[in-house]
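Visitor: The residues making up each chain are set out below.
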Amino acid sequence: MLHRLNRAGGVTRRTLLQGASAVAASGLILPAGMRAAAAEPRRGGILRVAMGHGNTGDSLDPATWDNAYVQVLSSAIHNYLTEIDTDGSLIPEIAESWEPSSDATEWTFVIRDGVTFHSGKTVTAEDVAASIDYHRGEDSTSAAKPIVEAITDIRVDGNTVIFTLEAGNADFPFIMSDYHLPIMPSSDGRIDPTSADGCGGYVLDHFEPGVEARLTRNPDYWKTHRAHFDGLVLMPIIDAAARQNALITGEVDVIDRVDTSTVHLLERAGIRIISVPGTQHYTFVMDSRADPFTDNNVRLALKYAVDRQDMVDKILSGFGVPGNDHPIGRSNRFHADELEQREFDPERARHHLREAGLDELRVSLSASDAAFGGAVDAAVLFAETAAQAGITIDVVREPSDGYWSNVWMVKPFVASYWGGRPTEDWMFSTGYAAGAPWNDGFWEHERFNELLVAARSELDEERRREMYEEMQRIVRDEGSTVIPMFANYVMAVSDAVATPDEIGANWTMDGFRAPERWWFA
Amino acid sequence: MVRVVDTPPAPTPAPGTPKGRPGIAHVWIMVGQRLALGLLTLFVVSLLIFGATELLPGDFAEAVLGQAATPETVAAIRRELGLDQPAPVRYFDWLGGVLQGDFGRSLASGNRPVADMIGNRLGNTLFLAGYAAAMAVPLALILGILAALWRNSVFDRASNSAALGAISFPEFFVAYILIFLLAQSGYFPSMARVPAGADLGERLYRAFLPALTLTLVVTAHMMRMTRAAIINLLASPYIEMARLKGMSPMRVILRHALPNAIAPIANVVAINMAYLITGVVVVEVVFVYPGLGQLMVDSVARRDIPVVQAVALIFAAAYVLLNLAADVISTLSNPRLLYPR
Amino acid sequence: MDAFGPLGWLLLIAGFVAGAAAAGWLFRAGLVLVTRGELRRSLRGAPLTASFGMLVILIYLFVAVFAPLLAPYGERAVVGAQFLPWSEAHWLGTDNLGRDMASRMIYGARNTVGIALATTLLAFLLGTALGLLAAILGGWIDQGMSRIVDVFMAIPSLIFALLLLTIFGTSIVTLILVIAVIDATRVYRIARSVAQGIVVMDFIEAARLRGEGMVRLVFREILPNAMAPLVAEFGLRFCFVFLAISALSFLGLGIQPPTADWGSMVRENATLITFGDITPLLPAGAIALLTVAINFVVDWQLYRASGLKD
Numbered sequence: 001m002l003h004r005l006n007r008a009g010g011v012t013r014r015t016l017l018q019g020a021s022a023v024a025a026s027g028l029i030l031p032a033g034m035r036a037a038a039a040e041p042r043r044g045g046i047l048r049v050a051m052g053h054g055n056t057g058d059s060l061d062p063a064t065w066d067n068a069y070v071q072v073l074s075s076a077i078h079n080y081l082t083e084i085d086t087d088g089s090l091i092p093e094i095a096e097s098w099e100p101s102s103d104a105t106e107w108t109f110v111i112r113d114g115v116t117f118h119s120g121k122t123v124t125a126e127d128v129a130a131s132i133d134y135h136r137g138e139d140s141t142s143a144a145k146p147i148v149e150a151i152t153d154i155r156v157d158g159n160t161v162i163f164t165l166e167a168g169n170a171d172f173p174f175i176m177s178d179y180h181l182p183i184m185p186s187s188d189g190r191i192d193p194t195s196a197d198g199c200g201g202y203v204l205d206h207f208e209p210g211v212e213a214r215l216t217r218n219p220d221y222w223k224t225h226r227a228h229f230d231g232l233v234l235m236p237i238i239d240a241a242a243r244q245n246a247l248i249t250g251e252v253d254v255i256d257r258v259d260t261s262t263v264h265l266l267e268r269a270g271i272r273i274i275s276v277p278g279t280q281h282y283t284f285v286m287d288s289r290a291d292p293f294t295d296n297n298v299r300l301a302l303k304y305a306v307d308r309q310d311m312v313d314k315i316l317s318g319f320g321v322p323g324n325d326h327p328i329g330r331s332n333r334f335h336a337d338e339l340e341q342r343e344f345d346p347e348r349a350r351h352h353l354r355e356a357g358l359d360e361l362r363v364s365l366s367a368s369d370a371a372f373g374g375a376v377d378a379a380v381l382f383a384e385t386a387a388q389a390g391i392t393i394d395v396v397r398e399p400s401d402g403y404w405s406n407v408w409m410v411k412p413f414v415a416s417y418w419g420g421r422p423t424e425d426w427m428f429s430t431g432y433a434a435g436a437p438w439n440d441g442f443w444e445h446e447r448f449n450e451l452l453v454a455a456r457s458e459l460d461e462e463r464r465r466e467m468y469e470e471m472q473r474i475v476r477d478e479g480s481t482v483i484p485m486f487a488n489y490v491m492a493v494s495d496a497v498a499t500p501d502e503i504g505a506n507w508t509m510d511g512f513r514a515p516e517r518w519w520f521a
Numbered sequence: 001m002v003r004v005v006d007t008p009p010a011p012t013p014a015p016g017t018p019k020g021r022p023g024i025a026h027v028w029i030m031v032g033q034r035l036a037l038g039l040l041t042l043f044v045v046s047l048l049i050f051g052a053t054e055l056l057p058g059d060f061a062e063a064v065l066g067q068a069a070t071p072e073t074v075a076a077i078r079r080e081l082g083l084d085q086p087a088p089v090r091y092f093d094w095l096g097g098v099l100q101g102d103f104g105r106s107l108a109s110g111n112r113p114v115a116d117m118i119g120n121r122l123g124n125t126l127f128l129a130g131y132a133a134a135m136a137v138p139l140a141l142i143l144g145i146l147a148a149l150w151r152n153s154v155f156d157r158a159s160n161s162a163a164l165g166a167i168s169f170p171e172f173f174v175a176y177i178l179i180f181l182l183a184q185s186g187y188f189p190s191m192a193r194v195p196a197g198a199d200l201g202e203r204l205y206r207a208f209l210p211a212l213t214l215t216l217v218v219t220a221h222m223m224r225m226t227r228a229a230i231i232n233l234l235a236s237p238y239i240e241m242a243r244l245k246g247m248s249p250m251r252v253i254l255r256h257a258l259p260n261a262i263a264p265i266a267n268v269v270a271i272n273m274a275y276l277i278t279g280v281v282v283v284e285v286v287f288v289y290p291g292l293g294q295l296m297v298d299s300v301a302r303r304d305i306p307v308v309q310a311v312a313l314i315f316a317a318a319y320v321l322l323n324l325a326a327d328v329i330s331t332l333s334n335p336r337l338l339y340p341r
Numbered sequence: 001m002d003a004f005g006p007l008g009w010l011l012l013i014a015g016f017v018a019g020a021a022a023a024g025w026l027f028r029a030g031l032v033l034v035t036r037g038e039l040r041r042s043l044r045g046a047p048l049t050a051s052f053g054m055l056v057i058l059i060y061l062f063v064a065v066f067a068p069l070l071a072p073y074g075e076r077a078v079v080g081a082q083f084l085p086w087s088e089a090h091w092l093g094t095d096n097l098g099r100d101m102a103s104r105m106i107y108g109a110r111n112t113v114g115i116a117l118a119t120t121l122l123a124f125l126l127g128t129a130l131g132l133l134a135a136i137l138g139g140w141i142d143q144g145m146s147r148i149v150d151v152f153m154a155i156p157s158l159i160f161a162l163l164l165l166t167i168f169g170t171s172i173v174t175l176i177l178v179i180a181v182i183d184a185t186r187v188y189r190i191a192r193s194v195a196q197g198i199v200v201m202d203f204i205e206a207a208r209l210r211g212e213g214m215v216r217l218v219f220r221e222i223l224p225n226a227m228a229p230l231v232a233e234f235g236l237r238f239c240f241v242f243l244a245i246s247a248l249s250f251l252g253l254g255i256q257p258p259t260a261d262w263g264s265m266v267r268e269n270a271t272l273i274t275f276g277d278i279t280p281l282l283p284a285g286a287i288a289l290l291t292v293a294i295n296f297v298v299d300w301q302l303y304r305a306s307g308l309k310d
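Protein chains in written order, with the working numbering: chain A, 1 to 521; chain B, 1 to 341; chain C, 1 to 310.
Chain A extracted, bound-state conformation (with noise of 0.2 Å):
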């Protein structure tokens, strides 16, 4: 019903507010998965997982997650207030409903009933408030705390949670879906960070971090028609080549991050390759205060000076889509088809850097494969076609190690990456609004700014697509960040694993679900 309304033209603020709650009040929970596959869902067999992520530095401590294996993990132990559906739309999980005041500052969340930890302990109000608070505060440790910092005060009243923020936000229930905001026990009003005990489709049994983790399933689990698989092993391969093997020789069934390059043999050895387009994308990201990088007229030579299409071909043997240099997906509510795609054009390049009062120019460009994998190929490309357009681009490789504390935001241009988010919101104000401690192009563009507050309470459906759509326009025209791609997410599975039509593109392992929304045939 919800995802119906999403596919018709996407929810309105009020029909996704209103149609949370009535999906829940009428005990409708579909699961994701389930409507329009073909075969039903079989329970049993044990899932082994191998992930291009995770090493021995791992915890359980979700204030620490930071890569792809724990997060997938923590998604099999735990459950959040809000889960995003595969179609992108937002659906209950602990919270059965949720009800904003009238300018969107104040949000009750209603809890459900029934559902309880592995350790038995029913889900309380209490819990809820304990896991977010955990990660605001002072003295908050957690990578989770500029995402929580608009939380002014957490309150319980009964089985409701109510939230009171800085300003309205009309997108405050997708943050609660966050991966680093898992419902956790707690006592006295704090969680034990460290603890295993979820309320989750699977139960940890084993956890040796860079070796493997073991779950079983949850029997008491309270959605009835997820978590299929009787268990799961989940492990880290961080070879490429070593994952690529373990699944050609069946010691695994499902490995992440496929070698693009070598996906056409995989695929003649009888492996299914899952291919999800979805916000992720790659950058190349100027410091707009540093110079030549202050001039719109050189940030759009270089803009002009990227062959999109070939670098999506090479750089991902064509598992993606070209960026058209906003961080807005097609997957999103609000993405703006409208907008022309930027093109490889070295004349148009040319024409902006006389505008500048340039002749030519010469820019260094930090790489390394921690921002994404191949882009320091991704910027010896860009280094050949910027060339054609009279620019010399000198190709850095920094190492991989302390890449993000050291290169990115520190060199004034580098490559990076976003996961992407699932609202225009929460992308623009992370990445680009004025002051955000993630804006790595230090941009800073006074219209964007007022439209972004604007839009974040606006209530008018149209409204709020002109808004964002002017926004990405600006972005795309005068930003810093040069986005030529946005890379699929690729997975490979063996035949013996089945998985719903739909897989959800907001993270890899279809949105870190696989173990709850898929099973074997």
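Just to be clear, a hint being listed does not mean it is correct.
Here are the computed lysine to any residue pairs in the SDA-like style, where the Cα-Cα straight-line distance is at most 25 Å [what the hints assert, rightly or not]:
| id | chain 1 | residue 1 | chain 2 | residue 2 |
| --- | --- | --- | --- | --- |
| 1 | A | Lys411 | A | Glu466 |
| 2 | A | Lys121 | A | His206 |
| 3 | A | Lys411 | B | Leu55 |
| 4 | A | Lys411 | A | Glu450 |
| 5 | A | Lys411 | A | Arg362 |
| 6 | A | Lys411 | B | Val154 |
| 7 | A | Lys411 | C | Leu61 |
| 8 | A | Lys121 | A | Glu40 |
| 9 | A | Lys223 | A | Val110 |
| 10 | A | Lys121 | A | Ala167 |
| 11 | A | Lys411 | C | Gly169 |
| 12 | A | Lys121 | A | His225 |
| 13 | A | Lys121 | A | Ile154 |
| 14 | A | Lys411 | B | Glu62 |
| 15 | A | Lys121 | A | Val110 |
| 16 | A | Lys223 | A | Ala496 |
| 17 | A | Lys121 | A | Asp188 |
| 18 | A | Lys411 | B | Glu54 |
| 19 | A | Lys121 | A | Ala496 |
| 20 | A | Lys411 | B | Thr70 |
| 21 | A | Lys121 | A | Asn159 |
| 22 | A | Lys223 | A | Pro437 |
| 23 | A | Lys121 | A | Lys223 |
| 24 | A | Lys411 | C | Ser171 |
| 25 | A | Lys121 | A | Pro193 |
| 26 | A | Lys411 | B | Pro71 |
| 27 | A | Lys223 | A | Asp205 |
None of these hints come from the bench; they were simulated from the model.
All of these numbers come straight from a predicted model, not from anything done at the bench.
Starting from the structure of chain A, add chains B and C where the hints point.
Guide: This is chains B and C only, laid out in the frame that chain A set:
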């Protein structure tokens, strides 16, 4: 560098080698002195590694937060873990703990004791090293002796070229080739991860490919050294004498040349065994084998200093002990060293 | 690779060995023709393996020096689609970015051999100088240096290189310096122990009594007698620099792209081998061939120095 290819020198006597004391007692004194020296080496290594990790850009707080680091959260983590203390204070805190047998707690893994994290992996590392050595050392000695016996024959040249060819491929590449040939056809598993509670047979089977890779990697060096050490002796007068007496070439080598070649051979074996323990991170990665090397590299990336320190100490201790063993064997094998003038 | 079968491989290897022997024989015959005197006599006695080795080394040097003239395309130029098959336009096809593989191999010779040579020379300069010094001076200088070297050697070289490269960055110069310093500790040990054996000999004692200076002592008396084991070590060390760089690229350090270098090229294409594609065998084979060639020559020299006649 990646593979240690030292031509091993004759054992270097430790400072102040005791003179005038005969036999085994002399060996014990040497062992004692070398162990004391080894402890000093470990201390300096810990100091060096600590200094190096201090110089690395970024610290644990920044590494763990990655792209999500903000100044406040970084400061909060540093406060919580005591990383805001000056480096000397942290080092001596750590050293004090180690002297009492406490290797501290990992910064990254939710405060797990380091000893806990290392235990299993140390076992895995030693198992793989022992496995590879059990295949490589006899193979290298036999091939080396035969090559010396039939020097300049087709066998000598072929085994020499094959060994050289094998070591001139990068390790991970040798591993990939073996996976292609032996794992994809289903003979052996491509992942060496051993399930808990597996028996010895199962463990040997699962770890076969990494052990074979390492065997190919270290055999050449030991074989060439064995051959060279023996041939080196063949020109000496007493060998000439034995040959003139009509001894068979095989007997000459086994009875007269080999005993005197034990010192350099023991040295090269020790160095290669140290390599099997300390240098195999690449093979661990390719075969998904949970050993110490991977823990070390991960911990360096995370700036998890207590773990880095502990693993570095284990590696250094392995090196010191194996070299000591080689020197003891050399001394015992050589009457002139055993009974110094 | 699959379609070939074991017999095919055997034939291929036999053919290669025969070809190599023939090339070695011809090369030796040529050399004997153009040289004279002492050199000619020793060359005539060179085994086929050694003359083949010399031929290979010469070819590599030639390619390295004249790379820009030999390569059909630029080192980093993107000239076509990715993974093109072998053809007349692209002898060895193209790589993952559409760069000409043959040109990258040719430039790779220059970069790889150049870097390996620089690194090994530096390591030997440093290691031999300090090793000889320790052996000649003895006493606490010797003890001090040896203990320091022991400490360095007790740290696994790959981990040590990883630490140093992370601290100092991964430019080619730092790469050369870091690997050279780590290798120098190994060279030091050999140089020192070889020299120790020589220093106690009577002729050195005699030279000292004659009042020969340190420099003269080293260059006239000690070095010539220590040359054989040092040369043997040089042969292997030289080749292991490639492997070091390759292993470092495996861990994400190593040489900066788009510089073509065989070690990194093996790494970039290595996954293809698990699908039976032989592309990564090209750079790996280039390294292996050079390793074998150099060590053939080294073996010959060692054999001559050992004085064995059979």
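Visitor: Against this structure, judge whether each hint is valid.
Guide: To see whether the hints hold, each was checked on the structure:
1. Lys411/A / Glu466/A: violated, 35 Å
2. Lys121/A / His206/A: holds, 21 Å
3. Lys411/A / Leu55/B: holds, 20 Å
4. Lys411/A / Glu450/A: violated, 28 Å
5. Lys411/A / Arg362/A: holds, 15 Å
6. Lys411/A / Val154/B: Distance ~59 Å between Lys411/A and Val154/B Cα, so the pair is violated.
7. Lys411/A / Leu61/C: violated, 39 Å
8. Lys121/A / Glu40/A: Roughly 32 Å between the alpha carbons, so the hint for Lys121/A and Glu40/A is violated.
9. Lys223/A / Val110/A: holds, 17 Å
10. Lys121/A / Ala167/A: violated, 35 Å
11. Lys411/A / Gly169/C: Measuring from Cα to Cα gives roughly 15 Å; hence the hint holds.
12. Lys121/A / His225/A: holds, 22 Å
13. Lys121/A / Ile154/A: Cα-Cα ~22 Å, so holds.
14. Lys411/A / Glu62/B: The hint holds at about 17 Å.
15. Lys121/A / Val110/A: holds, 18 Å
16. Lys223/A / Ala496/A: holds, 24 Å
17. Lys121/A / Asp188/A: Holds, at roughly 14 Å.
18. Lys411/A / Glu54/B: Distance ~22 Å between Lys411/A and Glu54/B Cα, so the pair holds.
19. Lys121/A / Ala496/A: Status violated; Cα separation ~36 Å.
20. Lys411/A / Thr70/B: holds, 17 Å
21. Lys121/A / Asn159/A: holds, 15 Å
22. Lys223/A / Pro437/A: violated, 38 Å
23. Lys121/A / Lys223/A: holds, 17 Å
24. Lys411/A / Ser171/C: holds, 17 Å
25. Lys121/A / Pro193/A: Judged against 25 Å, a Cα distance of about 16 Å means the pair holds.
26. Lys411/A / Pro71/B: Holds: Lys411/A and Pro71/B sit about 18 Å apart, inside 25 Å.
27. Lys223/A / Asp205/A: holds, 20 Å
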